[in-house]
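Student: All chains should be built: construct the whole structure from the sequences, respecting the hints.
Chains as they are written, first to last, in our numbering: chain A, 1 to 202; chain B, 1 to 202; chain C, 1 to 202; chain D, 1 to 202.
Think of the hints as simulated: they come from the structure by calculation, not from any bench.
Please note: incorrect hints may appear among the correct ones.
[What the hints assert, rightly or not] Partner residues aside, some chain C positions facing chain D, computed with beta carbon under 10 Å:
1. Trp66
2. Ala177
3. Phe180
4. Gly181
Don't be surprised by glycine CBs; every beta carbon is placed ideally from N, CA and C.
Chain by chain, the residues:
There are 4 protein chains.
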Amino acid sequence: MSTKERREREKRQRRESILRAALEVIREEGYSGLSIDKVAEKAELSKGAIYLYFESKENLIIEVFWMLMGELLERIKAVIQQVPQGDVEKGVKSLIKVIVDFYCSQQKFFVFMHHTVSAASDETLKGINKTAVEYNRKVNETIINFFKYLGCEKEFRYPPVETSYAMRGIVIQFLTAKFFGGYEKEIDVDMLTDIFLRGALK
Amino acid sequence: MSTKERREREKRQRRESILRAALEVIREEGYSGLSIDKVAEKAELSKGAIYLYFESKENLIIEVFWMLMGELLERIKAVIQQVPQGDVEKGVKSLIKVIVDFYCSQQKFFVFMHHTVSAASDETLKGINKTAVEYNRKVNETIINFFKYLGCEKEFRYPPVETSYAMRGIVIQFLTAKFFGGYEKEIDVDMLTDIFLRGALK
Amino acid sequence: MSTKERREREKRQRRESILRAALEVIREEGYSGLSIDKVAEKAELSKGAIYLYFESKENLIIEVFWMLMGELLERIKAVIQQVPQGDVEKGVKSLIKVIVDFYCSQQKFFVFMHHTVSAASDETLKGINKTAVEYNRKVNETIINFFKYLGCEKEFRYPPVETSYAMRGIVIQFLTAKFFGGYEKEIDVDMLTDIFLRGALK
Amino acid sequence: MSTKERREREKRQRRESILRAALEVIREEGYSGLSIDKVAEKAELSKGAIYLYFESKENLIIEVFWMLMGELLERIKAVIQQVPQGDVEKGVKSLIKVIVDFYCSQQKFFVFMHHTVSAASDETLKGINKTAVEYNRKVNETIINFFKYLGCEKEFRYPPVETSYAMRGIVIQFLTAKFFGGYEKEIDVDMLTDIFLRGALK
DNA sequence: GATGAATGAGTTTTCATTCAT
DNA sequence: CATGAATGAAAACTCATTCAT
Numbered sequence: 001m002s003t004k005e006r007r008e009r010e011k012r013q014r015r016e017s018i019l020r021a022a023l024e025v026i027r028e029e030g031y032s033g034l035s036i037d038k039v040a041e042k043a044e045l046s047k048g049a050i051y052l053y054f055e056s057k058e059n060l061i062i063e064v065f066w067m068l069m070g071e072l073l074e075r076i077k078a079v080i081q082q083v084p085q086g087d088v089e090k091g092v093k094s095l096i097k098v099i100v101d102f103y104c105s106q107q108k109f110f111v112f113m114h115h116t117v118s119a120a121s122d123e124t125l126k127g128i129n130k131t132a133v134e135y136n137r138k139v140n141e142t143i144i145n146f147f148k149y150l151g152c153e154k155e156f157r158y159p160p161v162e163t164s165y166a167m168r169g170i171v172i173q174f175l176t177a178k179f180f181g182g183y184e185k186e187i188d189v190d191m192l193t194d195i196f197l198r199g200a201l202k
Numbered sequence: 001m002s003t004k005e006r007r008e009r010e011k012r013q014r015r016e017s018i019l020r021a022a023l024e025v026i027r028e029e030g031y032s033g034l035s036i037d038k039v040a041e042k043a044e045l046s047k048g049a050i051y052l053y054f055e056s057k058e059n060l061i062i063e064v065f066w067m068l069m070g071e072l073l074e075r076i077k078a079v080i081q082q083v084p085q086g087d088v089e090k091g092v093k094s095l096i097k098v099i100v101d102f103y104c105s106q107q108k109f110f111v112f113m114h115h116t117v118s119a120a121s122d123e124t125l126k127g128i129n130k131t132a133v134e135y136n137r138k139v140n141e142t143i144i145n146f147f148k149y150l151g152c153e154k155e156f157r158y159p160p161v162e163t164s165y166a167m168r169g170i171v172i173q174f175l176t177a178k179f180f181g182g183y184e185k186e187i188d189v190d191m192l193t194d195i196f197l198r199g200a201l202k
Numbered sequence: 001m002s003t004k005e006r007r008e009r010e011k012r013q014r015r016e017s018i019l020r021a022a023l024e025v026i027r028e029e030g031y032s033g034l035s036i037d038k039v040a041e042k043a044e045l046s047k048g049a050i051y052l053y054f055e056s057k058e059n060l061i062i063e064v065f066w067m068l069m070g071e072l073l074e075r076i077k078a079v080i081q082q083v084p085q086g087d088v089e090k091g092v093k094s095l096i097k098v099i100v101d102f103y104c105s106q107q108k109f110f111v112f113m114h115h116t117v118s119a120a121s122d123e124t125l126k127g128i129n130k131t132a133v134e135y136n137r138k139v140n141e142t143i144i145n146f147f148k149y150l151g152c153e154k155e156f157r158y159p160p161v162e163t164s165y166a167m168r169g170i171v172i173q174f175l176t177a178k179f180f181g182g183y184e185k186e187i188d189v190d191m192l193t194d195i196f197l198r199g200a201l202k
Numbered sequence: 001m002s003t004k005e006r007r008e009r010e011k012r013q014r015r016e017s018i019l020r021a022a023l024e025v026i027r028e029e030g031y032s033g034l035s036i037d038k039v040a041e042k043a044e045l046s047k048g049a050i051y052l053y054f055e056s057k058e059n060l061i062i063e064v065f066w067m068l069m070g071e072l073l074e075r076i077k078a079v080i081q082q083v084p085q086g087d088v089e090k091g092v093k094s095l096i097k098v099i100v101d102f103y104c105s106q107q108k109f110f111v112f113m114h115h116t117v118s119a120a121s122d123e124t125l126k127g128i129n130k131t132a133v134e135y136n137r138k139v140n141e142t143i144i145n146f147f148k149y150l151g152c153e154k155e156f157r158y159p160p161v162e163t164s165y166a167m168r169g170i171v172i173q174f175l176t177a178k179f180f181g182g183y184e185k186e187i188d189v190d191m192l193t194d195i196f197l198r199g200a201l202k
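Tutor: Structure (structure tokens):
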């Protein structure tokens, strides 16, 4: 059955390359510039072919979203390898830095995620909504694992989920301010870390 | 001149009613479902009539945005009347509560604002971009004035703008979690206040 | 019945002022920029009022057309006063010059006439078509009268109508070339006169 | 590669058939009646399909224009084959005849060209303006080549460009008179030739 | 599997004309 | 007479999706 296997593999690769193409389009033209035509062109495929791999544009967008999230989560996990267990401040600082860097390096994706999550609330798009919930859960899980690894999980005043939200909130807000709000300074990771840890730790 | 006055008044009312209609559409169909057709239908006017009151769809959206923001800022200012100067904790708690309540009462508007602000990043929409920046400035200004009123402005470890962002971030994140992220608990304003103040105060 | 008379006079004046306003709009924005709104604004009247004086936009345009043509014909007639009978070359030169000057001074009207006459051929607009025919007849009549006045009418090789067309054709072509065709030289009235007279005279 | 070739051919044919459809619409409804809807209907295609072949309505119009002009210029060139070098009168007569016949066979196109060239003067339509200038240049070039072929180029009193304009003017004026001005006689090509040559030759 | 031509409902916007006041 | 708010049909253009090849 090696033929079948090869086919499956090729199919996966094609999917991936379409997702990459979509990403590229978003990077170049923004979320509202994303059209199947452009994706097809970028992927060097026909419009019709896209629909062999994805049910609809909506679907494609969701998968792009997941691909990106996957990358961010990977990066967060990778940081764990590099920070020593026990050093909470250094650890959290690294965590915040990787998030800030990730989004800064891909500003368009940040916007895109905002859009995706926002669009997700349409009652008509229950499917997408699940995406948002699931995404949220995974990010929290990853961050909480991080806290556990650092050994500070028990030292927070509030439950891990809420603590995770607090941290994410502070970070995301500064990113939003930077990208949309005219905040022109560099984001000061030390400050963010300080505010968060003071607020969250016992 | 009562005729002229009456006309002016009616005109203002019409404008307002169109804005309300647009809001209603957003409430029912989400931001992406907002079309001039639907607004016209909801406002019980012809498509053309909309353009007697608003230059373009973009313009209409911006004005809806500002109407909402105006309401929120009004509410924040109103809180000042009700909290005693000096009681920082109580004051911040009230501030956070009013923001949480406002957004909770109009969930769709929350999404809508996200979209409006996000859409603003499209290079093509310089006009809207100004809106986002301006909005951001105004919110900060209002919050900072609040801090001043409470008398805690000087007691923060970081500059007022950054402090304002930290607070907003924490609040917005919990709202996002509630609306899109499957966070099902009531938002605990006391907790938010506590995290923020511990993090921000010297 | 002086009241009635006054009314009639006022009505005529209003009509005239609307026509002038329309003209002004054409001068500023070109034929395709002509809208009832703009005419009303320029005439300092309401949109509705225009329709008290003119049945339709089409009608208004036709009347503007006639007003212009009337002016041109007046100018041509005026030239007769200034050239001595008998001097054919000088006379024709003056005639051509006045036409060239008129159109050059009002380039937009030239375009406008082209448009009006062209649009006139729509089978649906028999009314306008009559305008074109009538206009044509009048211009020829005026020119032929001019020839008669100069005393050269009998010296042409071909009938006066055809001779008139030949002259008009040469002039109009150079104007067209100047306005649309990239012909950048000054129009050489002497040359036009020379070509025409050599071609037309016995 | 026969599939690819076939596709290319079909594409060309489709384009052509859309252009023909547009022409047909102009023929039936005049320039101002030309809408994409009608073209689509006439071409038995959907509105969207038109945009697969032409970038915009403006573009489509320009191409129709060029298609027609191409045909006229072809016909003029073809006449060269049929007239003997050296016989100026016969040659010019043939030239004028082919122009008269062409426009007479396609009266609506005459109007259309007037419109296209006129519309070109709108400051907003720089793109079309180029078309008018370019068109003008090509027609002159073709006519001047014709003169050269006949060997009479040096015998004109005025430069070739001006001479060409004079001829075109006389011809176009009679066509205009015929189409819009109520001139009901047959156009007498001999007369036009005579007037032109007497006027133009030394 | 892959293509890409075709669809058609949808979008925003304009403007001559009407009519209640 | 005069107003100007309202209409509504029409315009150009877009794009996710389908389907014959």
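Student: What hint numbers does the structure not satisfy?
Tutor: Hint 1 alone not satisfied by this model.
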